[in-house]
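Peer 1: Chain by chain, the residues run as shown.
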Amino acid sequence: MNAAGFPILSLVTWLPLLGCAIIMFVRGDEEVVASNARWTALWTSLVVLAISVVLWARFDRAEAGFQFIENSVWLPQWGIAYKMGVDGISVLFVLLATLLTPICILASWETIRMRVREYMIAFLVLETMMVGMFSAMDFVVFYMFFEGVLIPMYLIIGIWGGPRRVYAAFKFFLYTLAGSVLMLLALLAMWYVAGTTDIPTLMHTQFAPAMQTWMFLAFFASFAVKVPMWPVHTWLPDAHVEAPTAGSVILAGVLLKMGAYGFLRFSVPMLPIASAHFAPYIFGLSVVAVIYTSLVALAQTDMKKLIAYSSVAHMGVVTIGIFTINAQGVSGALFQMLSHGIVSAALFLCVGVVYDRVHTREIARYGGLADRMPVYALTFLLFTMASIGLPGTAGFVGEFLVLIGAYEVNFWLALLGSLGMILGAAYMLYLYSRVVFGRITRDDLKHILDLSPRELAIFAPLVVVTLWMGIYPSSFTSFWDASVRAMVEHQQAAMASATRLAEVLR
Amino acid sequence: MLYSVAIFAPLAGSVIAGLLGRAIGERAAQAVTILCMLLAAACGVTAFVQLVYGDAEPGVVSLGTWIEAGSFHVDWALRYDTLAAVMVAMVTSVATLIHIYSVGYMGHEPRNTTWRFFSYLSLFTFAMLMLVTADNLVQLFFGWEGVGLASYLLIGYWYDRPSACAAAIKAFVVNRIGDLGFALGIALIYVTFGSVEFPVIFGSVGQHVNDTYHLLGAEYRSLEVIGILLFIGAMGKSAQIGLHVWLPDAMEGPTPVSALIHAATMVTAGVFMMARMSPIVEQAPDALAFVTFIGATTAFFAATVGCVQNDIKRVIAYSTCSQLGYMFVAAGVGAYQASVFHLLTHAFFKALLFLGAGSVIHAMSDEQDMRRMGGLWKMIPLTYAMFWIGSLSLGGVFPFAGYFSKDAIIEAAWASHTLIGHYGFWCTIIAAFLTAFYSWRLIIMTFHGKPRADHRTMEHVHESPAAMTVPLILLAVGAVFAGWWFRDQLVGEDWREFWGDSIVVAANNHVLTDMEHVPGWVSALPSVVGLAGIALAYLFYMFMPALPVRLAATFGGVYRFLLNKWYFDELYNFLFVRPAFALARGLWHVGDSRIIDGIPNGVAAMTADGSAQIVKIQTGSIATYAFAMLIGLVLLVGIFLLFR
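Protein chains in written order, with my numbering: chain A, 4 to 509; chain B, -18 to 625.
Only chain B is shown next, with the shape it has when bound in the complex (with noise of 0.2 Å):
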């Protein structure tokens, strides 16, 4: 009960805010919203504390029938364990904090609809709430679908602007190019274990470890691709290497919005559901090692393009890109309880970062680039402050809660002892040192040095309403406790009794055994290239700001490749998008146009003619009628004795 109220109450604060908004006005659609969702987090953090530290049981709740067809029954449901609860508790205490965040940073808004945005926001949650307690796949797919919905809305909030409305549409088309693979991957599952409910699919997986599936010619295991087919749903949401092109964009929405994809939904979908299916890709080494090599590689790659880009919230887009990429390496190795774990902490420290960008940008306002900020320091110092502890969460310094995630995941990758997961361990550890470089170059540009913008934009820095910061200081307790709070009993030894049934490993799985006994140059390496890429981001920004410049230089090909960010975009305009237009504009004109219309209207056409022509044989002159008449009878009586 409490759960479904967890979980209703931001629908109805989405509903009453969408629909009435205008009529009751903004001050009262935020105060609906946010009294749901405080009302949300509240229920959504007792049945939370209830399940794992008191004595409720985990269990289902049913709220009826969904889609029935022959053998095909789903219903809509809400599970209850410790992997959903875990999330619905982080899910909507986050959001809590970004709706209240919201009313300080609308504030500015000119036009008096930011109800449309509150509504959106909680949305947002709803959708993302039903995807964490789905019970079956399919009420997975619509919240899946439906965060897709609500980040189209809050990506093009402002849409007004060009770039909003294309970023929006890149998102929602980006992420279903996954969703196909997604849909794919659960019709795959039907047709293997006959039902697509949680229960009965992880109850019979032991009876279809050997069933194959016969593709391009060749027999695989259907496991395996299920776990690939699967896995490209979540890269699509989670944003990993070839299908990340939306994430950098989605930051055209307003500041929140993209505390919100970054952190407490949508992006984390993706590695919620490896954490969820872990029964199934358990049983698939081979899609696994597919999930921590696209996972590694996106680490890294988003990572050096983090290095260098200039805009303040893509610098932090980025970063989520590469931690993601960390959270499917833990999976990839088959420590999903790391991933989950990595997921938590990284919702508080990528939030609050995301909201002190937002609160950054809000005093110079509305400036984003980071070329014209700088000396800001003195002037908001609760933020500068905010972001240090993000930062140094993010950067995964003791005893910040980055530090032990992180750590989880880079020793779950050496103690896999497999070629793919050394090759994590390895990028991972690169990623560490880019990740500390970037955030502390963040802050150098932004913070200290001389103020770049101009005089104007400076007399108006101010530190933000308490609406604004009130949320980041709860955020930062996040950040900085949730990682020694949760360590052990996550990752820890505890781990089995913490996640009971949610998460299973198969036997011979002993990762999380195993990385408590790495040697010890493994646990100290990222600690130790996180101060080096700190002290190295110090060196090039506060104290030889010309070294970057003459680097940039002097390397010109490599920073403009990072710069345009490996040219991901250009390529897929180059290979898909124009030829996709180009290829719409022929079949049209010529396919529909010319061909497929040109024969029956050149049949139309050759009839008409010919029976203008045939007109003209009907002279009235009886003389010739009679003649043609001879000779039609002369034609018939001789065939006819022919061949009689």
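Just chain A, with the same shape it has in the complex (with noise of 0.2 Å):
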């Protein structure tokens, strides 16, 4: 048994669901209905989120490998198996969804009014599927909930989003799926070889150079739309654009993560002869990620878009991070997505406090907000501040890091990587100066409302993890340190492995 004494992965991911069970036996009017489903949503969530603390709390830091693993049988002779566990890399990520799921439950609490049900229902089950996805060690496990995510969330915006919301709602189906059909191939190919899918066994298995190069264009196609790389980031801003707020929440916290965590999961130790090859080809589009999207990011004129750009430009970050398979980049590379996890999210929250108020996400519209929004000034200060990476918020920690970890591959990336930090601060104070600095013009702005005590308690946890992940971040660090370590050392094994082999063969 496992160091919680229960199966507590499944409970997890499955709990959710039985949240949905229950809303979907609530009988009465519409208003009841509704009223019902929000509070069995929350309380659900609260509970699963309560639940997973314990992963925090009994995580064993200076164990590398899988830890709280449930195995059962499932299709035995196929090498098939229900099979759960999380090590470092992937720990933080389930609390990352379990954290971020109650939040989002309570910042559509007003205003969603139609079909509160179905809503609810479809966030707990994106929670299930999210957090199933993070703890799969099964590949067959993983891809089922990996492609699951996608259902819940196509519903989300193209039923609660705004006007243009089919055709963003389909955009992002389209764009993510069609990786997602090779990425299925590549996991047969890899069961053909291995004859099992699981994770571990298939995290040892060498295979052949030639197969590793396919086989990581054909991940690479699925996580590169899911991180979203240039040039197929596209989706992503119209999908936040059309998506309410808690599903841009939810699509910027979590979801953009599942590409990354792809890559660390399966590219970079499975494949890690293909991985070193393509490295300088990923950090080419990283580079232009941060340059392109971070400019593009400087002329948008809707509040949604330009986070949405400055995500890409962020996760361009990350995958730099990453393909650096050195202790450092990695790291930063996680801790990047943790923070991006926390900050963006929040962000999108502050543009969802006035959107509810005015109801326009125009840059324009808005100005002067300081003065009768002070503490909403000060929050959206806090997390400005953070996206822009200052020291002592969560974005500087992943960011700093990355940086050193590239220099460590070339003085070049490492620049060209960090003109995000010049970048980003224009775009992210241009955006604030207009919407929270100058003097209220409007008429609609002269009586609005500062926060409400629903969303403060909404943004208080995340104020609190953003200064608690800048000042003490080594107590996130320390999960996956020794997972880092292991992975970048069986990288290196392997490329070792790989020179000696073709010294012999030549």
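The set of hints was computed from the structure by calculation and includes no laboratory data.
Treat the numbers as computed from the prediction; the structure is a model and nothing was measured.
Fair warning: there could be bad hints in the mix.
Between beta-carbon pairs, the in silico distance windows are [what the hints assert, rightly or not]:
id: 1; chain 1: B; residue 1: G175; chain 2: A; residue 2: L177; range: 46 to 54 Å
id: 2; chain 1: A; residue 1: V361; chain 2: B; residue 2: L517; range: 56 to 64 Å
id: 3; chain 1: A; residue 1: A65; chain 2: B; residue 2: G175; range: 19 to 27 Å
id: 4; chain 1: B; residue 1: R352; chain 2: A; residue 2: L459; range: 45 to 53 Å
Ideal Cβ placement from N, Cα and C applies to all residues, glycine included.
Make one complex out of these two single chains by using the hints.
Peer 2: Following this line, the structure appears as structure tokens:
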């Protein structure tokens, strides 16, 4: 049995579905159903969060491998099992998902008035899929969750979204699905060679270099779209703009991490030679992403679109970090993923706050909010600074570690990849000063209200985590230090043996 | 312990005032921040005295782990050595005076939101203290960026003014350009030394003196590259030519902010960093030559611009720029002690001048243009006297503080006996002349002659309240005596005893000894040109006011070039800002919308069109279907037979 004493990962994964079942059985008129659905969803997600905290407490930080393992027979004749477990790389993402879900439900409390029951069910199903994906130890199980995430998200954008929601939902679905098909092929190929889909086994299976190349490209097609990397990023701004606030929060907070997680879980450890081979190309795409999307963000007139483009730039830093394949780079990438999960989620919530009041996301419609909304101004400032990467906030540590990791690879990679430091400051401060600073000119802003207690409750945990990650980041990095070290050593060993092999063959 | 209190008391004040300011009210917030600052100043000065004149030992106060990743390790820690302690004592005491002054200065603010202002001031002080007490480069970077944040907030304090918002963004973004260089420098230090902690780096400089770094197809010594990268950071923060453009605009904030930025915090950070990194940059002669070149050029450039500005704060802002150039000249020739010495004296007289300017502006109902002042000296005699003291010190007149520190720098530049050192010498000599000139131009235009303001403003002119004048007087004491008191300890024979290990110079660096033996004309020249500058200012503005007007008309090109600050802003707008926005719009509308989105959307449209065409084949007529099948069959059989 695992360290928790009970099958904790399955419980955290499947418990939200129990909430769904309860919501489905509620009867009554629409108001009653809506209210019940909200409360049930909130309590379910809070219980899930409470259980998942055990993972934080009981996780053995010195252990590099998987923990809390559950293994059940599923399809033994095919070498496929229902196997769950987390290691240092995935455990905090489970917590990220369980933290953001109740926040999303609270954020939708008043704004979602239509089909509340279905909305809450969609979010709970989404939570199941996200947690399941981060804790799967079997490739087939992973693949099912990985694809399963698409369905509730597609519905959330397509049903509760803005005016162009159908276009955005289709674009989101088709872009991300297109890559996944290729990943399925790679999965089959891996199974064909190794005879199993068990992830730890696959990590220690050596695939032939030529095969690694093809499999890497197949994985890349899937993960690059999810990250998203330039030039397959354009689904993201559209999806964000049309999605309801909570949808954007979960999209930016957790779903964007799936691609990078895929690189870390599959591409780098299973295909070490191809990863090293393709790293320069990925650096190229990432640097373009950082500079290009930062510039595009500078020109945006829609708040959500601006933050969406900034997400692409920040994820560009993550992909640089992952493919440096050294301790600082990978650690920085993981940290940046987590901090971006918190900070960009909070920024979308900040947009949601004013959108709920004024019903527009156009930056030019705002200005002078600091007069009427001082608490909001302070909160927004904190997350703006975190997004810029101010030391002492979450955003700094990841960016800085990636910078160091990148420098170990190449000066120009470090320089160009860090241009986001300057451009990020420019577009975020430009946004902040246009929205919060200035003089109030519009009548509808003259009586705008500051944060409500519910909104304060939403932001409070995010504020705490942002500062905590900035001031005492080692409480997070210690989770994955051992795993990252093992991964880097594994990569170096694989490269060394590949060189030896090449010498022998010559 | 005392030391930690000195650093964290401002943070406590800032947090209390910032979060509870609305609840506890303006007065209470001011009281809390000022009490915290007084406490910090008391502890800071005591810690300094104990270390330098008492028996306290240098050390490190460790506060816990900060960042850990693989072999990368950084702690939160407070370094306690002479360099840090002297900075802590100066920052806390000057900042305390500025806090007290602000109570009077911000008294006219209509809205009851000055708690915000005091919270930012204390935050600014805290960030600077973290910077100077850092025991590793990353914590130094924390303070470095922290002063950036605080300056952003303070410059944009009057956030309903578009110019203030623009200046705030400009300050942050321009600083970030330098910060990028600094961050890269830290990364290279980690790659070279395997650590970013000062004790480790400084202890192992000797082993890495000959390390090389490959860049752009050439080999460079790692330490040279590090020196240049760090200095790029210093250029941003300390407003050296090229990255100086934010500093003059930074006066959009309330005047006490300018005093804080220009005197005690922020701009001195770059100079401090060069002194702190002396064990490394001392081994990088080419980087130091670059430092001298930039410093000397800035000293000259900013002084020329200062001579023609009409905004009282802008003149003083350019004078800061110029004086920072002096400090970098000193650092560049290896006289780090002299640069810190000038930093200290400058903190006193520049805070005095800025707060004095604030007192003038306060008296003139927020007028800042010297062309609309004049004739004030009898109405605000105390402020007038303070301006004299500040200017005498800035101009380097014996025996005021600036005389000692400025002469030390000029003599050190001469004593370095290098070509670049002599470039520094002549630039600083010319700048000394110009400094005296623009300082007295300011005094005469502001205080003498006929009043040029309108009647109503002149009726309101009044001497400032005690909350403002008492800090002025205290700063004036520093501006008079600091040089005389510190000269021998900081740059004289006792310097080794005073600095201990906190500033390291190479074995072959004898600048401080050599500067005692420069020829007589070298030590006399600064005073001579200074007095000449004063005389010229009197001639131009007191006795023959028509002359400067005629000169400006005759040399219109030169005058406009200087008035427009060598056209740096225009150049940057043309080269960077506008192209960036144009490129941004282009990438968005063409790159993203047309090309990247155009392809999949085009494919989708083609598929839809294609299927719409194919639909037409489905006529429902069995004869057509049978015919199509027949053609297909023929084709298949044909292919089969042909390629069998």
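Peer 1: Look at each hint and say if it fits the structure.
Peer 2: Quick rundown of the hints versus the structure:
1. Range check, G175/B to L177/A: about 48 Å between beta-carbon atoms, so the 46 to 54 Å window is met.
2. A beta carbon spacing of about 59 Å between V361/A and L517/B agrees with the range 56 to 64 Å that was offered as a hint.
3. Distance hint check for A65/A and G175/B: the Cβ-Cβ separation is about 23 Å, which falls inside the suggested range of 19 to 27 Å.
4. Here the CB-CB span from R352/B to L459/A is close to 51 Å, well matched to the stated 45 to 53 Å.
The structure is consistent with each of the numbered hints, conforming to all of them.
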